[in-house]
Amino acid sequence: DSGVTQTPKHLITATGQRVTLRCSPRSGDLSVYWYQQSLDQGLQFLIQYYNGEERAKGNILERFSAQQFPDLHSELNLSSLELGDSALYFCASSVDPAGGPQETQYFGPGTRLLVL
Amino acid sequence: AQSVSQHNHHVILSEAASLELGCNYSYGGTVNLFWYVQYPGQHLQLLLKYFSGDPLVKGIKGFEAEFIKSKFSFNLRKPSVQWSDTAEYFCAVFQYGQNFVFGPGTRLSVLP
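Taken in sequence, the protein lines are chains V and E.
Heads up: the first sequence begins at 1 in this note's numbering, then just goes up one per residue.
Heads up: the second sequence begins at 1001 in this note's numbering, then just goes up one per residue.
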């Protein structure tokens, strides 16, 4: 158990819909990262938040957005869903006091999204 | 943009065999390098990481990796694999301005 929790574990929805994935980082970790893992694209970095502010952006679509709340949990919002959005979505957290990559990332168990 | 390649898609070994998984990245400059492992049905876990200093890095569970800057490589090694090492292994690179880039992964199957 990494200490990072994600809900829900599984999500089945239809094209065009909107879903929200939730991540609670390890206690004391200020940085949250979101990743998408799919068979054709592999593991892709989406976005990072550090202490409530967006720190880095990767291959995140405009239909996707994220935020980190004052209690440091984070939500990833996926809208206008397409079949190709079906994937495993991981979040990871790290202490990251300097905002850099030096600290170990601890990954959550992921949310498996299936878009029908 | 930075890209990461892993030489093998699927590696099959017998227990006690030696392991080497290749990882190459495309751009030079200062990089931070990682190997992650994903056991069946589990989340990714960090095996080891390199930021600076000794290019031979030791990680958990007997794994080590060697950073060879001239070859843009960060190969993962283990002298003797066990059945419990069956998993998917991901190499990742962090470069400022590029963020994290993961390789496609190598699936390791260890036969008992």
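There could be a bad hint or two in this list.
[Claimed, not checked] Okay, derived cross-link-like pairs now, DSS-like style, lysine-lysine, Cα gap no bigger than 30 Å in a straight line:
no. : chain 1 : residue 1 : chain 2 : residue 2
1   : E       : K1071     : E       : K1061
2   : E       : K1058     : V       : K9
3   : E       : K1058     : E       : K1071
4   : E       : K1058     : E       : K1069
5   : V       : K9        : E       : K1061
6   : V       : K57       : E       : K1071
7   : V       : K9        : V       : K57
[What the hints assert, rightly or not] Anything over 12 Å on all C-beta distances counts as not near chain E; from chain V, calculated:
no. : residue
8   : V4
9   : L43
10  : E62
11  : S79
12  : T104
13  : Q105
Honestly, the hints are just simulated from the structure, not real lab data.
For glycine and all other residues, C-beta sits at the position ideal for the given N, C-alpha and C.
Straight-line alpha-carbon gap E/K1058 to E/K1071, limit 30 Å
holds (20 Å)
Taking only the CA atoms, is the gap from E/K1058 to E/K1069 under or equal to 30 Å?
holds (17 Å)
Given the hinted pair E/K1058 and V/K9, is their alpha-carbon gap at most 30 Å?
violated (33 Å)
Just checking, V/E62 versus chain E, shortest CB gap more than 12 Å?
holds (17 Å)
Minimum Cβ-Cβ distance from V/T104 to chain E exceeds 12 Å
Incorrect as stated: the minimum Cβ-Cβ distance to chain E is 5 Å, not above 12 Å.
Could you grab the alpha-carbon distance between V/K57 and E/K1071 and see if it respects the 30 Å cut-off?
Between V/K57 and E/K1071 the Cα gap is close to 28 Å, so the pair holds against 30 Å.
Taking C-beta pairs only, is V/V4 more than 12 Å away from all of chain E?
violated (8 Å)
Given the hinted pair V/K9 and V/K57, is their alpha-carbon gap at most 30 Å?
It holds: about 24 Å lies between the C-alpha atoms, which stays within 30 Å.
Non-interface label on V/Q105, tested against every C-beta of chain E at 12 Å
violated (7 Å)
Holds or violated: are the alpha carbons of V/K9 and E/K1061 at most 30 Å from each other?
holds (28 Å)
Is the Cβ of V/S79 more than 12 Å away from each Cβ in chain E?
Given a closest Cβ separation of 23 Å, the condition holds.
For the pair supplied as a hint, E/K1071 and E/K1061, is the alpha-carbon distance within the 30 Å limit?
Satisfied, since the Cα-Cα distance of roughly 26 Å is no more than 30 Å.
Checked against the numbered hints given earlier, this structure breaks hints 2, 8, 9, 12, 13; the rest are met.
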